[in-house]
Amino acid sequence: METKRSPKNIFVQGPISPESIAKSIANHSSKTDIGGHSIFLGQVRADEKEGGKVTAIEYTAYEEMALEKAFEIREAIFAKYPLSCMHIYHSLGEVKAGEICLFVFTSSKHRKAAIDACEELVERIKKEVPVWGKELIDNDGSVWKENV
Amino acid sequence: MTITKIRVVAFGMIAEKIKTNLLELEYMQDTEVLLGYLYQQYPDLQHTKFSIAINKKMAVGKTAIPVGAEVALLPPFSGG
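Read top to bottom, the protein sequences are chains D and L. Each residue of the first sequence is one higher than the one before, starting from 1 at the first, in the numbering used here. Each residue of the second sequence is one higher than the one before, starting from 1 at the first, in the numbering used here.
Quick caveat, the hints were computed from the structure, so don't treat them as lab data. Please note that a few of the clues may not be correct.
[As the list claims (entries may be wrong)] When the alpha-carbon atoms are kept at most 35 angstroms apart in a straight line, the in silico DSBU-like pairs for lysine-lysine are as follows:
1. LYS31(D) / LYS49(D)
2. LYS17(L) / LYS56(L)
3. LYS5(L) / LYS49(D)
4. LYS56(L) / LYS80(D)
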C-alpha cells in the first residue's frame, strides 16, 4: 500500500520536558537497525539585555505555514540522508530560561547521516520556519529575538 | 459582497506595530500595491524588516495576489 506522508504537528505548548525526550529515546529501542542517534536541544538563555535579564521567551508561530514548511524540510532531509527516523518538536507559548524549546532527533544505521541531518535540520528550521520568539525581560519589558 | 477582499494576517513585531493581527482589505492586485497601502497607513513599517507570504508561500519581489488569498506579514524568524 502506498502511504503519503502528511504534515504532522511539531508544536508543544510550553517547554519540552526532559522526561518526554527520555521517552522519545526509549521508544527507539525496538528499532534495532538503528546504530546512531543525533539530538539537538535548544535551551532558553538568560541573556543580559539593556534594562535587565531575559527570564523567558514567548513563542508564537504562523502555525499552518510552519507545519507545511517543516514538512517540506523533513521530506528534503529524508531524501538527502539515509535516515531511519526523524522527530522535530518546537515550543509555543512561554519557555523559561534554562528550559528546552527545540528538540530535533535523527536516527540512522551509521552515525554520519544522523549527525549531518540533525545539523542541517536545525539550521533550516531556524531560518525557514515562521516562528517568533519574544524575550521577556525581568524589568517587565520585552525584545523581539532575531536569528543570526 | 466580501469576495473581493483580501485577508492579511500579521505576526510578531509587525502585529505589534499595526496593533492587530488581522486586516480585511479591499482587493489589491499585487504585493507592490499592498506595500504602498501599508506604508501609507502604518509609516512605522517603512523602517521594519518583514517578508510577505501569499497562501503560505514566500513571495519574493512584486507578486500577484490571487482573489481570496491569505497574505501574511512575517518579521524575521526567530524560532529555536
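The hints, checked one at a time:
Between LYS31(D) and LYS49(D) the alpha-carbon distance is near 45 angstroms, which puts this suggested pair outside the 35 angstroms criterion. The hinted pair formed by LYS17(L) and LYS56(L) meets the criterion: a straight-line CA distance of about 21 angstroms does not exceed 35 angstroms. The hinted pair formed by LYS5(L) and LYS49(D) fails the criterion: a straight-line CA distance of about 42 angstroms is larger than 35 angstroms. The suggested pairing of LYS56(L) with LYS80(D) holds, with an alpha-carbon distance near 24 angstroms, which does not exceed 35 angstroms.
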